[in-house]
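There are 2 protein chains.
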Amino acid sequence: MMKLKGNVLYGQSGGPTAVINASAYGVITQALKHEECVEKIYCCHHGVDGILNDDLIDISKVDPEQIELLPHTPGAAFGSVRHKLTDPEIDDTQYKQVLALFKKYNIRYFFYNGGNDSMDTCNKISKFMKNSGYECRVIGVPKTIDNDLPLTDHTPGFGSAAKFISTAISEIGYDAAAYPKGRVNIVEIMGRNAGWLAASSKLACLSNYGPDLIYLPEAPFDKDQFIKDVEKVYKKNGKCLVAVSEGIRDKSGDFIAGQGALDAFGHKQMGGVASYLVTLFEKTGIKTRAIELSLLQRSANHLSSKTDIDEAIEVGRRSLEAAVNGRDGVMIIIKRTSNNPYSIVFEEARLDQVANVEKTIPASMINDEGNNVNQEFIDYALPLINGENNAVFKDGVIQFAKIK
Amino acid sequence: MMKLKGNVLYGQSGGPTAVINASAYGVITQALKHEECVEKIYCCHHGVDGILNDDLIDISKVDPEQIELLPHTPGAAFGSVRHKLTDPEIDDTQYKQVLALFKKYNIRYFFYNGGNDSMDTCNKISKFMKNSGYECRVIGVPKTIDNDLPLTDHTPGFGSAAKFISTAISEIGYDAAAYPKGRVNIVEIMGRNAGWLAASSKLACLSNYGPDLIYLPEAPFDKDQFIKDVEKVYKKNGKCLVAVSEGIRDKSGDFIAGQGALDAFGHKQMGGVASYLVTLFEKTGIKTRAIELSLLQRSANHLSSKTDIDEAIEVGRRSLEAAVNGRDGVMIIIKRTSNNPYSIVFEEARLDQVANVEKTIPASMINDEGNNVNQEFIDYALPLINGENNAVFKDGVIQFAKIK
Numbered sequence: 001m002m003k004l005k006g007n008v009l010y011g012q013s014g015g016p017t018a019v020i021n022a023s024a025y026g027v028i029t030q031a032l033k034h035e036e037c038v039e040k041i042y043c044c045h046h047g048v049d050g051i052l053n054d055d056l057i058d059i060s061k062v063d064p065e066q067i068e069l070l071p072h073t074p075g076a077a078f079g080s081v082r083h084k085l086t087d088p089e090i091d092d093t094q095y096k097q098v099l100a101l102f103k104k105y106n107i108r109y110f111f112y113n114g115g116n117d118s119m120d121t122c123n124k125i126s127k128f129m130k131n132s133g134y135e136c137r138v139i140g141v142p143k144t145i146d147n148d149l150p151l152t153d154h155t156p157g158f159g160s161a162a163k164f165i166s167t168a169i170s171e172i173g174y175d176a177a178a179y180p181k182g183r184v185n186i187v188e189i190m191g192r193n194a195g196w197l198a199a200s201s202k203l204a205c206l207s208n209y210g211p212d213l214i215y216l217p218e219a220p221f222d223k224d225q226f227i228k229d230v231e232k233v234y235k236k237n238g239k240c241l242v243a244v245s246e247g248i249r250d251k252s253g254d255f256i257a258g259q260g261a262l263d264a265f266g267h268k269q270m271g272g273v274a275s276y277l278v279t280l281f282e283k284t285g286i287k288t289r290a291i292e293l294s295l296l297q298r299s300a301n302h303l304s305s306k307t308d309i310d311e312a313i314e315v316g317r318r319s320l321e322a323a324v325n326g327r328d329g330v331m332i333i334i335k336r337t338s339n340n341p342y343s344i345v346f347e348e349a350r351l352d353q354v355a356n357v358e359k360t361i362p363a364s365m366i367n368d369e370g371n372n373v374n375q376e377f378i379d380y381a382l383p384l385i386n387g388e389n390n391a392v393f394k395d396g397v398i399q400f401a402k403i404k
Numbered sequence: 405m406m407k408l409k410g411n412v413l414y415g416q417s418g419g420p421t422a423v424i425n426a427s428a429y430g431v432i433t434q435a436l437k438h439e440e441c442v443e444k445i446y447c448c449h450h451g452v453d454g455i456l457n458d459d460l461i462d463i464s465k466v467d468p469e470q471i472e473l474l475p476h477t478p479g480a481a482f483g484s485v486r487h488k489l490t491d492p493e494i495d496d497t498q499y500k501q502v503l504a505l506f507k508k509y510n511i512r513y514f515f516y517n518g519g520n521d522s523m524d525t526c527n528k529i530s531k532f533m534k535n536s537g538y539e540c541r542v543i544g545v546p547k548t549i550d551n552d553l554p555l556t557d558h559t560p561g562f563g564s565a566a567k568f569i570s571t572a573i574s575e576i577g578y579d580a581a582a583y584p585k586g587r588v589n590i591v592e593i594m595g596r597n598a599g600w601l602a603a604s605s606k607l608a609c610l611s612n613y614g615p616d617l618i619y620l621p622e623a624p625f626d627k628d629q630f631i632k633d634v635e636k637v638y639k640k641n642g643k644c645l646v647a648v649s650e651g652i653r654d655k656s657g658d659f660i661a662g663q664g665a666l667d668a669f670g671h672k673q674m675g676g677v678a679s680y681l682v683t684l685f686e687k688t689g690i691k692t693r694a695i696e697l698s699l700l701q702r703s704a705n706h707l708s709s710k711t712d713i714d715e716a717i718e719v720g721r722r723s724l725e726a727a728v729n730g731r732d733g734v735m736i737i738i739k740r741t742s743n744n745p746y747s748i749v750f751e752e753a754r755l756d757q758v759a760n761v762e763k764t765i766p767a768s769m770i771n772d773e774g775n776n777v778n779q780e781f782i783d784y785a786l787p788l789i790n791g792e793n794n795a796v797f798k799d800g801v802i803q804f805a806k807i808k
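As given, the protein sequences belong to chains A and B, one line each in that order.
The working numbering numbers the first residue of the first sequence as 1 and each following residue consecutively.
The working numbering numbers the first residue of the second sequence as 405 and each following residue consecutively.
Check each hint, because a few of them may be wrong.
Claimed, not checked - Mimicking PhoX-like on lysine-lysine, the simulated pairs with C-alpha atoms at most 20 Å apart in a straight line are:
id : chain 1 : residue 1 : chain 2 : residue 2
1  : A       : Lys-394   : B       : Lys-710
2  : A       : Lys-236   : B       : Lys-808
3  : B       : Lys-534   : A       : Lys-181
4  : A       : Lys-402   : B       : Lys-585
5  : B       : Lys-808   : A       : Lys-404
6  : B       : Lys-710   : A       : Lys-84
7  : A       : Lys-306   : B       : Lys-798
8  : A       : Lys-181   : B       : Lys-806
No wet-lab data here; the hints were simulated from the structure.
Only a predicted model underlies this, so the values are computations on that prediction, with no experimental measurement involved.
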């Protein structure tokens, strides 16, 4: 096969994860090994906005020390974006801008690192290039803390968020156990439609105090039953630790809390469900506290899972290799071959099969009462939090890559 | 000097810190070295409640492996309590109960590990024993995340909370910088009357994105000026990161938010100031988010400062040594002899000089505008977050001591 010669462009999109920059590291360092076909490596400054605004970062001008820090850096080191391109069937102006920039910089390899929505963007760009007769290999690089991408066993970003959540729940649970008479602590965890993150709090039970109750978007939430569940635990233990997904909903599918504005992708803005649940206990005399793990769930790189970091880097590397080997319109996925010992292989999925499909927790992992997860979930999630990140501290202050 | 022979009793009191169990470790392991005078080591189950309820833990029955885990364990491994003994001048019934238990178990060395209020309890117990003619060495072991104990340069527990806060602020700041147009993130940090914890967010500035503005109980808070401060930063940078103490108050000294119930010590229950400040921006069109670091500030042992852990252990050891050497009614304090290189010596203070006195941030560390701290604060706080805890993980799950 004649190798396609040209430049690489890598972009980040959607909510940051603790390890999206590890995938960037994988793409960039692997591209550096392909001098025979890759001349220059560019990164979008703020995803598609960087393309539309002709705002690219030339990696050759970035201090290599900063590149080495990428796997230990949260956020989106090259800038992310929540901007969704207009559907090309309605208006293809923006896609023409993308094509113009690709031509200007001779971009022949394009990598877009994101979740469901970004894979849709990626898929549309891939098709537009093909229809325009411009040869460019477009590869989706998966990331999301939500773990809701289909076809892949799990998604880079989830394991680190799960590790932060299970550790934080352990610490909160241990702290809450300090007093003879405790409170009901209700911990709100991210997850709009999929409860993978809230469920991962369960892993704290393997060593320390874990949640007594876990509520997920996948199991219809009933307020009266919830109060009964909590009162039962509280009566027995004098305290109760609850993990709850921001996206819990009632039998009709309506969100329990957070009926806010829509975001750029048309999703309802969530948040505040724990504060709402606390109000349900006002008349019971039981002391309650709402705790939101908030942005730390996705940004606590210092507590990343080594398994997750290593896989995120490897997914980046394999994305680059796939493109160099002629693949286009695909995303690297992870297939698990064994839980114990944990073992995986990397495969590919077509972007159009991934885009806009959400994977939720199967019913088989949730208990009959719909207020906890079971051993099947533990067997699935435990290997993903294994190993600790070697975060970089200087004089006690954590160090992240500074790109721009 | 004839050595006093008898048993040791150690108790934990007040809000847990990430390293209170490190001081327990110091007291216990040092006591084990004094077979010539210490026969048995007991710990109170839930502080003074354990004394009043005759509920003690016999350390000889605890698995030594669990003792070794204490420096890596948050919360209060032996149980804490917020119970304040009745003033003996009003009613000495409870003090008589304490004396009866001390006699029953032949307690000749008593260590109470806590903050201002607990030092008051400790001081009263010391005096009561003396007045009763019962020979018992009573030593206060300092701990508080708030860093508000007087006479000591700093207090075990503060450094680790400061390290968690500065790291979390780094990660939140880096995450928030991912988008081209950001939000105003208002991070609420513990601290009722002293702003040491909120101020420690400043250390994030040494490497990554730190707070643009810091509001402390020590500087009167003006809502209008606050909105102006934030708008100025937001206009310039398109985002703004604010750190705010839960205990900020106006010129008259009234709390800005959280006018809740009183706790057992007669303090107003705080919380919710960030959510309140967010509402001030409703009409401005600026997107804001309230983030509470909540219990993790005091329980995130996994991110403890090694300096803090080491000092907490050493304070425990020296408390034991002081008692064995005949001291009574004192607390070990830390004197700093140099900032750079960081160097300290341990001394003693009388409990009656420590009890109920709060140390706040001196004006010289706060900027003229009252919305930030300066280099003098950085020089003071930076050495206290130095070094990382070697947290114990098994299969990715954090491990804590299990005592009871």
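Problem - Non-conforming hints, listed in increasing numerical order - result: 3, 5, 6
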